[in-house]
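Q: Protein chains in written order, with my numbering: chain S, 1 to 135; chain G, 136 to 978.
Where hints are given, some of them may not hold.
[Unchecked claim] Sample of chain S residues with no beta-carbon within 10 Å of chain G, all distances over it, derived:
1. 41
2. 60
3. 76
[Stated by the list, open to error] Taking beta-carbon pairs under 7 Å as the criterion, some of the chain G residues facing chain S (in silico):
4. 337
5. 464
6. 468
7. 492
8. 493
9. 497
10. 498
11. 799
12. 831
13. 834
In short, the hints are calculated from the structure, not lab data. Where a beta carbon is used, it is the ideal one built from N, C-alpha and C, also for glycine.
So you can see what is in the structure, the chains are spelled out below.
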Amino acid sequence: MKPGDAIQAGDDRGSPAAALAYLVVGPLAWAGHLLLVYAPQAALCAFRLTGTAAVETSIVRAMVIGVTVLAASAMIAAIAAPRALARLLRATAFLEGGNGRFMIAVMRLLAVLSLAGVAWAGSAALVLPPCPVLR
Amino acid sequence: MAFDERDLPNPLPRPEGELAELERVWATPKGWRIVTAVNNTVIGIFYIGTAFFLFLVAGLLALLMRTQLAVPENDFIGQPLYNQMFTVHGTTMMFLFAVPAVEALGVMLLPQMLAARDLPFPRLSAFAIWAYVIGGLVFVSTILYDLAPAGGWFMYPPLTLKEFSPGDNADFWLLGIGFIEISAIAGAIEIVVGTLKTRPPGMSLMRMPIFGWAMLIFAAMIMFAFPAVILATMMLEIERSFGWPFFTAAQGGDPLLWQHLFWFFGHPEVYIIFLPAAGLVSMIVPAMAQRPLIGYRFIVVALIATGFFSFGLWVHHMFTTGIPSLSLAFFSAASMAVAVPSGIQVFSWIATMAASRGRFRITTPSLFVLGFLVIFTIGGLTGVMVALVPLDFQVHDTYFVVAHFHYVLVGGMVFPLFATFYYWAPMVSRNMLSERLGRWVFWLMFAGFNVAFLPMHLTGLLGMPRRVWTYPADLGWDPLNLLSTVGTYVLAAGVLLFTIDLVVRFRPGQGQDNPWRAGTLEWLPTDLYSTRSIPLVTSREPLWDQPGLARDVAEGRYFLPGTLTGGRETLVTSPVEARPQYVIRMPGPGWPPFLAAVFMASFFLLLTVKAVVPAVACGVLMIVFCIAWAWSLDPGPGREVDIGGGIRLPTYMSGPRSHSWWAMVVLMFVAASLYLAWVFSYLFLWTVSPEAWSPHGAPALPAWRWPAASVLLLLAGSGLLLGAQRGLPRRGERAAGVPWQMLLALACLAAALGIELAGHWGSGLRPTQNAYAASVYMAVLLFGQLAFALAILGGFVIARHVTGRLDRERRVSFDNLALLFHYTVAQSLLGLALVHGFPRVVA
């Protein structure tokens, strides 16, 4: 075998940005989740916008659970359908050849870890009041 | 995958004089001109040497502090000096030792592991290193003349505001550390681009050594974490010097803003330090076990996950600040979740050792790795404990926390670093370090560390607070403190023994020939030019899986066996699949990076002592030397070259394939992080004191026509630059309109900045009025900072056009200007929308 058969000069088969986005879709969803649950909750508590603790609790709880379900659904979809995700992100070229299994495995494992993080944080809304401090 | 020997890319015998020419081109300057050297192995040794020296200094301070704490009511050191000592100890260990040491290892080891001749911006590395050396040494010396800061390594306001910390001490921290962070960011840019663009052909991401992954994530984390603390230091210094009240509660500011910004940097910082160390361990364990790492994919996943999760933990340093319980829960969950990827790595290393079936060699590096596993795991477990909010309430600011973070940082970074010293010293030294002494060093350090820090968990649980210079007798703390002090001296004896061994045996020069029988590329035969030829990689452990590789590489049978352009060069490959793209012509030794670093350090240090005129002169000289340095870059298209195997590559590249374009994109991410930190600050201060916001607590905003004019000018500037881009002349020609278009674009930018400033000033708003006003002017300042950089870059590009160095093909400098310009416009449009829109919406 000649080295030239193993290596070609030129660009990657697809966009490196697409490959990166594909790999870290889970952690990106985790980061989005943290931002979307923390920022509105902190702002709502800072301003006591509704003026009623019970209403605030309901709003914050619904918001946290809604965002958590949304983020978790996105991650479950990515884990279940890695090729569809690749098509969505235009990263299918990287799933061909030897790199494909690596890319899919890394993406899925990261999504699983992120899913755990999202569920862990989101479930707090079920047991804790949104605004009071603990001491 | 094996190749038929006859089909390797380049045939034997190699042309006469090829090797001699390579040696000549890559020769290191001799004598005092050594400071002009840019070879990664040379400057890497300076870098690590300085970091190790600062580690010794900070360690000596720790020893003195432990001596003070050995017995109650001791008067060995007074409180003011003690406060300076723990501040300098923490600051030096975190900013001047840990991050630079791992960055230095990146500079030193990455090109060898990637079989690149050097990283893509060797002068940038040299600049970063010299800035660090000068700044670091000056900062640490402040302890000798009572000028050291005393506010703790995290410098919390209001303690560090002018009112409570008068004098220049705190300014040395703010300006000194601020500019050393610039050096760290310069190094990070080098590492991101180097890891993604200078891997050898065939080394796709899935074949990259784990240390490469770790350094890539390390550098990406620096890009997003450091800007937050840079903004915080700018704001605190501005408040101290000019009275803009970001952190003064009475004027609508909030000291907690500092804590948010500092810990948004500070917690990732722990992983910024740990991940490269973990990467080093992932390289050492397989070599000692003589088998591939088990769970390569899992470790890659763990590194990436840790990189992300570490940005969701910062509030766990603020559990006791009165934040709502649900917010605490979000960050408590993330703090526990981050333990999972760390655990994955630990289990992978243990599995690799176990799978070697008794072949795991117990050498000095292995001992340090095993010590790391024990200590870091204990630190990780106490980390999960302090991630639990109720427990944190109890142990916050006690010696329990001191014990925890020393277990994490010393276990997670110092022990792997010592393993690294013993493992990789033979790569750059004629002698190995002593195995016999090494075992003594390990056991002294391991025993000393545990004797020193294990009791501190109890001291903390018994209620001893951190940062106290003495304590009363009979609180039950006395024997534990004495034990900790004894342990510290034992630990210091280990470090001293290592230092002696280093002085006696370490001799930079031709390294050993793979003494550990490792499988990765840094153990290929090397010289100043790195490897004689650049291999084609077909596995993760090429030296194990590609028989004869070392010999073939050393004989020049792989790619780029000599110098094809008559100068320094290396191969650029594609970022994911590592396909050869072009050959970089790299700059060699030179004075400009060294002198630019000297004058940058002087600029910041003189500014600290309020010597404004000499500081400005140094700033101007720094810019002059940066321009002199950049002038020789962007050489323009050259002939195509044959690197071997029938592969012909260009020797010049512009646009998105170019390493320079990638570096500018990385820089834009850094700038964007800085700006987003400001956006966060603006919104955070609003939640704290909405009453300070316009129109109730400050003058009404300027009429809409003011921001509208700025928007139009910004868009016009971008349009003009796009026009200039289309109008770039053919090679050898000039286009008279191009410099004018660039100049007009810059004028539009300056006018937009001026209008924004005039609008607020005209409305009666003054930056010292309240936190809202300070935030508004901070946005103008950040805009002005980029506009200033663009003015210099623009002048530089215009000068290149005028002198015939800019055309449709030779355009890297123009591309960089255009990227930064359009980014600045986008950032400014966001800023205008927020500053002029948000107060109107919430009013």
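Q: Of the hints given before, which are not true for this structure?
A: 1, 2, 7, 8, 9, 10, 11, 12, 13
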